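> This is what each chain is made of:
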Amino acid sequence: MIAIDINGRSRSVDATPETPLLYVLRDNLKLNGAKYGCGLGQCGACTVLLDGKPVFSCLTPVGSLAGRRVRTIESLGTEASPSPLQRAFIDEQAAQCGYCSAGMVMRAQALLETNPGASDTEIRARMQTNLCRCGTHMRILRAVRRAAAALGSASASPPQAGMRDGAVK
Amino acid sequence: MRLGRLFLAVLILGGASAAAFTALSWHRSDAPVSPPAAGSIPPALATEGARLVALGNCADCHTAPGGRPYAGGVAIQTPYGHLFSTNITPDTATGIGAWSLAAFTRAMRTGISRDGHHLYPAFPYPHYAALSEHEIAAIYAYLMTRKPISAAARDDDLAFPFNIRALVAVWNLLYWPATVPPPEDAGGHIAEGIAHCGACHTPRNQIGAERTESAYAGADVDGWHAPALGAASPAPIPWTEAELALYLSGGVAPHHGVAAGPMQAVTANLAFADPADLHAIAAYIAGIGGPADPVRQARATQTEAILSGTAPPPPRSGGPGAEIYAGACAICHQDGWHTLSQNLTPLALATSLSEASPRNALRVILEGRHPRESEAGPQMPGFANNLTAQQMVDVLAYLRTSIAGRPAWTDLAETVASMRREQEPQ
Chain A
1 MIAIDINGRS RSVDATPETP LLYVLRDNLK LNGAKYGCGL GQCGACTVLL
51 DGKPVFSCLT PVGSLAGRRV RTIESLGTEA SPSPLQRAFI DEQAAQCGYC
101 SAGMVMRAQA LLETNPGASD TEIRARMQTN LCRCGTHMRI LRAVRRAAAA
151 LGSASASPPQ AGMRDGAVK
Chain B
1 MRLGRLFLAV LILGGASAAA FTALSWHRSD APVSPPAAGS IPPALATEGA
51 RLVALGNCAD CHTAPGGRPY AGGVAIQTPY GHLFSTNITP DTATGIGAWS
101 LAAFTRAMRT GISRDGHHLY PAFPYPHYAA LSEHEIAAIY AYLMTRKPIS
151 AAARDDDLAF PFNIRALVAV WNLLYWPATV PPPEDAGGHI AEGIAHCGAC
201 HTPRNQIGAE RTESAYAGAD VDGWHAPALG AASPAPIPWT EAELALYLSG
251 GVAPHHGVAA GPMQAVTANL AFADPADLHA IAAYIAGIGG PADPVRQARA
301 TQTEAILSGT APPPPRSGGP GAEIYAGACA ICHQDGWHTL SQNLTPLALA
351 TSLSEASPRN ALRVILEGRH PRESEAGPQM PGFANNLTAQ QMVDVLAYLR
401 TSIAGRPAWT DLAETVASMR REQEPQ
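Protein chains in written order, with this note's numbering: chain A, 1 to 169; chain B, 1 to 426.
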């Protein structure tokens, strides 16, 4: 059994150390937000946050996660109460098939947590890693820009109590 | 009385040195001219220039990321600070539009700008001194038929005394022209001249001159290591002319790996060069130092036997490095001797895993290797966010000993620690 910290909870999983984190999330823990796209670190559909930074969970062996914190899209918001970034994706209708969305949101989340008012150039540079085969890139960029504009102006006010890891919630 | 004579002697000596230095470092300004009229440049000459400019990789240093071609502004990192490349488009005010062919030739050969100031030898004029009048005229013709772009040069940011340009005159006295006579064969003429291979692959001395006695022994460039070439190459299988020509034109060598770091831009430019020229360079470079020594030959034979399945691969260690390899690398790189795609070089053959320093291998693991803008092809993602410093050490140790079958790197932990500090992971 391997213990990993996922979305603030310690979870014990029955897997060999080299098993990709993505398989553990989806198969063992039934956290199906992160998607299996290519399994080769080329598409970004499996992006999750590791200690606040985006990684491809398909290329992250679960045995390498001792003492580290994993966050998936399930940690952001709910259908009833989406996070600001999820809200922006909905408002911009930034999905067609939606398979890449969870990875897109998590990569943008990592950017906005460290750089809430990210510029268009910064957003484009950072989101480059993740692919969308439906071609909704322009809407995705608009959604991230919308969230950046909202968060950029909000970050001028002092942070609210209860924000962990600089999490934008 | 005696003191007076001494004082006089010092005065005369000082004055004489100052006069000599002034004479050495002063160069006349070449009168500005109007750019050549449209249509006055023979297209065939400009075409020949295009071939030379591709071989010279001029676009790489003279085009800023996202900037206009040849408009300069690239920050060049040196041990003495930053300097910025200049605009070599035919813009009259900010480029070389007002330069006569004579002024351009003087700059290419001796590193003196049109107005008489010294250019720094980051501009590899000691190599270009080997070019013929005709070749320089062809490069001039090509550059003068580019689109003029207004982009003023940025101020350099060099430490004292390197910020005194006139001191380059002393450097020239010591190191220019290159002490090695230009070779007579076509490949040597290109490699030593316009292609300036030694500018990266030959180690430099304390004040930045190539140490010609260690030509092509390998050198550190922009945080990467430009490997030794020819007989001293660390590659498990010695380079052949055919494979080197293939690599230069496409950035991929089936038995050595893929161009990364500063070499990636070089091979991208060489893709536009004449294949005959690339074969000539390849023959010259592959032949440096003669054939590989018996130890390397034996290793190559052994490596080829493993590849063909007639000999067993090196024994594998277990432990954390092996687990990370299995979970993060093996999906594409398989067992290191086979690959997921035919476009990939087996890891065991990668030059970076057989080099004396883990630097290049580590940089590829941290940053990945990405196709250039508008280029197709698979990418290797960077693992800077995935792996801790200790995990980097573990996986590199495994790659080195269990995949490449080489003796362990001894400076692994220090290299990882220092490079992680330099890197700004995404």
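Hints may contain errors.
[As the list claims (entries may be wrong)] Chain A stretches covered by chain B per the calculated footprint, using a threshold of three residues with CB under 8 angstroms from any CB of chain B:
#, stretch
1, 35-44
2, 62-75
3, 133-147
[To be verified] Chain B regions said to be covered by chain A (calculated; three or more residues, Cβ under 8 angstroms):
#, stretch
4, 231-242
5, 385-396
[Stated by the list, open to error] To give an idea of the interface, some chain B residues facing chain A are shown, with a C-beta separation under 10 angstroms as derived from the structure:
#, residue
6, A322
7, E323
8, C332
None of these hints come from the bench; they were simulated from the model.
Please read all numbers here as calculations on a predicted model, not as lab measurements.
Beta carbons: idealized from backbone N, C-alpha and C, even for Gly.
> For each hint, tell me whether it holds in the structure or not.
Outcome of the hint check:
{"no.": "1", "hint": "35-44", "in the structure": "holds (count 4)"}
{"no.": "2", "hint": "62-75", "in the structure": "holds (count 4)"}
{"no.": "3", "hint": "133-147", "in the structure": "violated (count 0)"}
{"no.": "4", "hint": "231-242", "in the structure": "violated (count 0)"}
{"no.": "5", "hint": "385-396", "in the structure": "holds (count 5)"}
{"no.": "6", "hint": "A322", "in the structure": "holds (8 angstroms)"}
{"no.": "7", "hint": "E323", "in the structure": "holds (4 angstroms)"}
{"no.": "8", "hint": "C332", "in the structure": "holds (6 angstroms)"}
Of the numbered hints given earlier, the model fails hints 3, 4; all others are met.
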